[in-house]
Amino acid sequence: MRKILVVDDEQDVEELFRQIFRGEIRRGEMDLQFVLSAQSALDYIQGLQPFDLVLVLTDINMPGQSGFDLLRKIREKFPELQVFMIWAYDDTTNFEEAKKLGANDFIPKPVDFIRLKESIAKVLLN
Amino acid sequence: MALVVQPELMVCGFIILLLLALFIVQYNKAKKEKLISENALAELQNTRGQLSQQEKLASLGTLMAGIMHEVKNPLNFVNNFSEITRELLEEYIEAKDEEEKKEILGTIRQNLEKITHHGRRADAIVKSMLEYSRKRTDEKQLTDINKLCDEFLNLAYHAMRATLKDFNCSIERQFEENLPPVNIISQDISRVIHNLITNAFYAVKDKPDAKLTVKTQLSGNAITIAIRDNGTGIPEEVKQKMFDPFFTTKPSGEGTGLGLSLSFDIIKSHGGNISVDSKENEFTEMIITLPVSSK
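Read top to bottom, the protein sequences are chains A and B.
Following this note's numbering, the numbering of the first sequence begins with 1 at its first residue and continues without gaps.
Following this note's numbering, the numbering of the second sequence begins with 1 at its first residue and continues without gaps.
Heads up, a few of these hints could be off.
[Claimed, not checked] Cβ-to-Cβ under 7 Å is the rule here; a few derived chain A residues that face chain B:
id : residue
1  : L16
2  : Q19
3  : A88
4  : K109
Just so you know, the hints here were simulated from the structure itself, not pulled from any lab data.
Please read all numbers here as calculations on a predicted model, not as lab measurements.
The beta carbon of each residue, even a glycine, is placed where N, CA and C say it ideally should be.
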């Protein structure tokens with residue numbers, strides 16, 4: 001099963017994603033995992049046996065380490081892992097920085113789930 | 001009759017003439033210097049005015065950016081939970097199994113509660129934003145200090161939450177009831193309050209038991225506003241310079257170093273005072289004093 005990790009400090013994100021992708025989850029096409037901080041995401045990724053994670057969706061503005069810190073660390077250790085950044089900013093400075101750090105896609109808030117589903121489908125196809 | 005001029009008189013006249021010339025030269029020089037220093041002063045005041053304006057815009061800008069950012073999180077839930085709920089209603093209509101129907105209804109109810117919750121969250125944020133942009137006037141008006149403190153305490157908290165999501169701080173309001181209204185430029189004084197509270201929040205941001213107390217009090221013919229935090233405190237050498245323009249302890253690019261210096265000017269121009277009491281790693285208390293009969 002294709003495992004996707006969602007990193008966001010807002011508790012309701014888990015409920016939202018589980019409902020949005022309820023069809024995919026029910027059909028066994030997707031396995032969603034949730035953590036509330038960048039550090040717990042890193043712990044989760046490093047502890048994976050076997051490594052069956054295909055995608056990380058991360059918020060940027062989080063307690064402790066930001067989504068950028070997470071992206072940087074993932075790129076060091078897992079250069080192949082796909083990472084999508086979810087953010088509430090409108091400015092392009094963040095966009096440029098994320099691109100430079102090697103983010104694979106950018107999802108603005110409020111999240112357009114039709115678009116997000118398309119982007120995820122592309123990742124899952126590969 | 002031939003005019004006989006005595007040599008002593010000639011010398012005397014010559015000296016007077018010389019003194020006069022010297023005086024004129026000196027006078028012109030002084031006038032010129034005065035003009036130069038007057039120009040420099042005007043230029044300085046002009047620059048100062050521009051900087052003050054910049055600081056004002058900068059603080060408004062970060063506040064707005066913080067609030068906009070903060071609004072998008074609840075908005076994300078409102079938009080998407082309502083979209084899902086619409087889909088769930090269709091699924092409910094098509095569902096045949098009673099158990100399934102019951103489950104869908106439960107989810108719908110839960111989603112509607114979430115929509116209300118996040119809608120209210122966004123509403124509270126927008127409200128405080130409106131209150132900040134309203135009433136932008138430079139005229140003095142009778143102002144309720146408690147209300148002003150309360151409003152800007154909320155605003156500063158939201159702005160802080162927008163920049164540091166894990167930010168948490170217990171807030172205590174010790175407002176003396178029935179304070180007389182004070183004649184102030186409320187927009188300016190609110191800037192000072194916002195500024196001091198934000199500084200306090202920065203000082204406690206890494207503390208697990210962060211606490212901020214805002215206390216208002218009438219003592220004699222003055223109102224005091226005391227903003228106390230249990231944060232990092234202010235070292236003695238910083239205390240000496242903290243009201244100096246461009247002095248900042250923040251990393252370069254983050255602080256303008258004008259916040260406290262402008263706050264100080266604003267309070268002084270209202271005939272009041274700002275004092276500071278602090279102990280490193282224990283607390284900082286900033287006390288604003290404003291005369292009640294400020295004209």
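Return the numbers of the hints above that this structure violates; sort them in rising order.
none
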